[in-house]
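S.K.: Listed here are the chains, written in short residue letters.
Number of protein chains: 2
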Amino acid sequence: MLYIIGIGLNDPKDISLKGLEAVKKCEEIYLENYTSKLACSVKDLEKLYGKKIILAERSLVEENFGEIIDKAKTKDIALLIIGDALSATTHIEIFKQAKEKQVECNIIHNASVLTAVGITGLQLYNFGKTTSIPFPEDNFNPETAYDVIKQNNDLHTLCLLDLRPSKDKFMTIKQAIEILLEIEAKKGEKIITEETLVIGCAKLGSEQPIIKQGKVKDIVKQDFKQPPFCLIIPGKLHFVEEEVIKFYMI
Amino acid sequence: MLYIIGIGLNDPKDISLKGLEAVKKCEEIYLENYTSKLACSVKDLEKLYGKKIILAERSLVEENFGEIIDKAKTKDIALLIIGDALSATTHIEIFKQAKEKQVECNIIHNASVLTAVGITGLQLYNFGKTTSIPFPEDNFNPETAYDVIKQNNDLHTLCLLDLRPSKDKFMTIKQAIEILLEIEAKKGEKIITEETLVIGCAKLGSEQPIIKQGKVKDIVKQDFKQPPFCLIIPGKLHFVEEEVIKFYMI
Chain D
-16 MLYIIGIGLN DPKDISLKGL EAVKKCEEIY LENYTSKLAC SVKDLEKLYG
34 KKIILAERSL VEENFGEIID KAKTKDIALL IIGDALSATT HIEIFKQAKE
84 KQVECNIIHN ASVLTAVGIT GLQLYNFGKT TSIPFPEDNF NPETAYDVIK
134 QNNDLHTLCL LDLRPSKDKF MTIKQAIEIL LEIEAKKGEK IITEETLVIG
184 CAKLGSEQPI IKQGKVKDIV KQDFKQPPFC LIIPGKLHFV EEEVIKFYMI
Chain G
-16 MLYIIGIGLN DPKDISLKGL EAVKKCEEIY LENYTSKLAC SVKDLEKLYG
34 KKIILAERSL VEENFGEIID KAKTKDIALL IIGDALSATT HIEIFKQAKE
84 KQVECNIIHN ASVLTAVGIT GLQLYNFGKT TSIPFPEDNF NPETAYDVIK
134 QNNDLHTLCL LDLRPSKDKF MTIKQAIEIL LEIEAKKGEK IITEETLVIG
184 CAKLGSEQPI IKQGKVKDIV KQDFKQPPFC LIIPGKLHFV EEEVIKFYMI
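Taken in sequence, the protein lines are chains D and G.
Positions -16 to 233 (my numbering) are the ones given, in order, by the first sequence.
Positions -16 to 233 (my numbering) are the ones given, in order, by the second sequence.
Chain D extracted, bound-state conformation:
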């Protein structure tokens, strides 16, 4: 059996009882650790789970996971995913491979940043498409996020910010805003300006998330301390949403 287990957003105790039971009976346990970041160490997880964890880097997950799936034909294997189990393309790809190989799969869900943003007071039903903002590279400066914000129109846009946990590199909210403002300067469609209301978030899903709301020109000056970070561009606000986000005004 291949268990794909969401372990939540922050620390060892975010795993569900069902998830922990599954981990305890698995012979091999992998942690996908390049698409997100917990606030604890792998050792902390190992201690609580009572199991050795093998780190699964991008190359293992995206190129060589087939061998591990094959092992799951005769052994119980767990793949731990930060957040929910099947929120990213990579994880769905593994689920697909397992199904193709007719390996039994058990998916154990958990919290995801996609719903943890509910703590901002913005209604999840009022979000449009989620987008991500990648680190700019030579010849790779996509304008996708800007276009998604535009298309979402009256709906809120959640922007997930790029990260390289192995290099301890996390796009900050300031960097994300600067990227959007650069695209704005190029396209000039007034989708995001110095005056646009935005909400910056850090460590959603933890007991001490940092959530700050204000104009772009003010939010860029804020310190959001620890990653992971995300940025929300609210669309049209319902009055209850307005009332809740007031608590986060800088």
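No lab work stands behind these hints, which were simulated from the structure alone.
As the structure is a computational prediction, the values presented were derived from the model and not from experiment.
Watch out, some of these pointers could steer you wrong.
Put simply, identical chains are the same to the list, so a pair is met inside one copy or across any two.
Taking lysine-lysine and the DSSO-like style, the derived pairs with C-alpha atoms no more than 30 Å apart in a straight line are [to be verified]:
#	residue 1	residue 2
1	Lys82	Lys208
2	Lys208	Lys79
3	Lys84	Lys8
4	Lys173	Lys30
5	Lys34	Lys58
6	Lys20	Lys204
Chain D is already provided as a structure; the job is to place chain G on it using the hints.
M.R.: For chain G alone, kept in the frame of chain D given last:
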């Protein structure tokens, strides 16, 4: 302290270790039990949690929760929410009241149907706005869901189906499709027809979810067994999405 605790989608073991620790130290524990439905009984929850649970019906949650929030000034009180903690307007409203009353709030997240749909193979990033389909009533036959599907255009639409758990009444996928087809008959914009590809889901988040993919005319004939149900109208499909949803073809 007021703990608002997501308890996941299916059974007692879906709670996180952190959630269970919080429940165990609370003096009063309420379960909001009218916006969703677990596969287990309240007794099953009580047994695992080792605590008495007070059922919180709509009137208590929406009209009289202020008194309970007041008690949380001096006592540890838990409000248990099926799914994630702050995914519905009602729960955000309670969070807002607690903040207004300066009652400390601890939000413990969990799995939500909004990300559990990842198991269908559809990318969460390719979903547009989520909508819901209410039971038709005299003078209340909203066309919102139809309009949302239309506006979502190339993006996938998750339709949550109405339910009255206390009356054991759950909108089926067949009923939801019939409601959409009625709106189609009136508006005639070819948003949903007999030939439209849809995905019906039951018991997402459980170990045995039922997921079936096919044309509207064929899906209406399927038995999805047990609630809760939801209906997805896929937008434009990426090839990986196409490959995964094939597994669910009827």
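S.K.: How would you classify Lys20 and Lys204 at a CA-CA limit of 30 Å: within, between, both, or neither?
M.R.: Classified as within; 24 Å inside a copy, 44 Å across copies.
S.K.: Classify it for me, Lys34 with Lys58: is the Cα-Cα distance of at most 30 Å met within a copy, between copies, both or neither?
M.R.: within (15 Å within a copy, 37 Å between copies)
S.K.: Between the shortest in-copy and the shortest cross-copy C-alpha distance, which are at most 30 Å for Lys208 and Lys79: within, between, both, or neither?
M.R.: Between copies only: 25 Å across chains, 37 Å inside a chain, cut-off 30 Å.
S.K.: Go through the copies and call it for Lys173 and Lys30: within, between, both or neither, with a Cα cutoff of 30 Å.
M.R.: Neither: 50 Å inside a chain and 56 Å across chains, both beyond 30 Å.
S.K.: As a check of your reading, is Lys82 near Lys208 (CA-CA no more than 30 Å) within one copy, between copies, both or neither?
M.R.: between (41 Å within a copy, 23 Å between copies)
S.K.: Classify it for me, Lys84 with Lys8: is the Cα-Cα distance of at most 30 Å met within a copy, between copies, both or neither?
M.R.: within (22 Å within a copy, 45 Å between copies)
Hint violations for this structure: number 4 only, all remaining hints satisfied.
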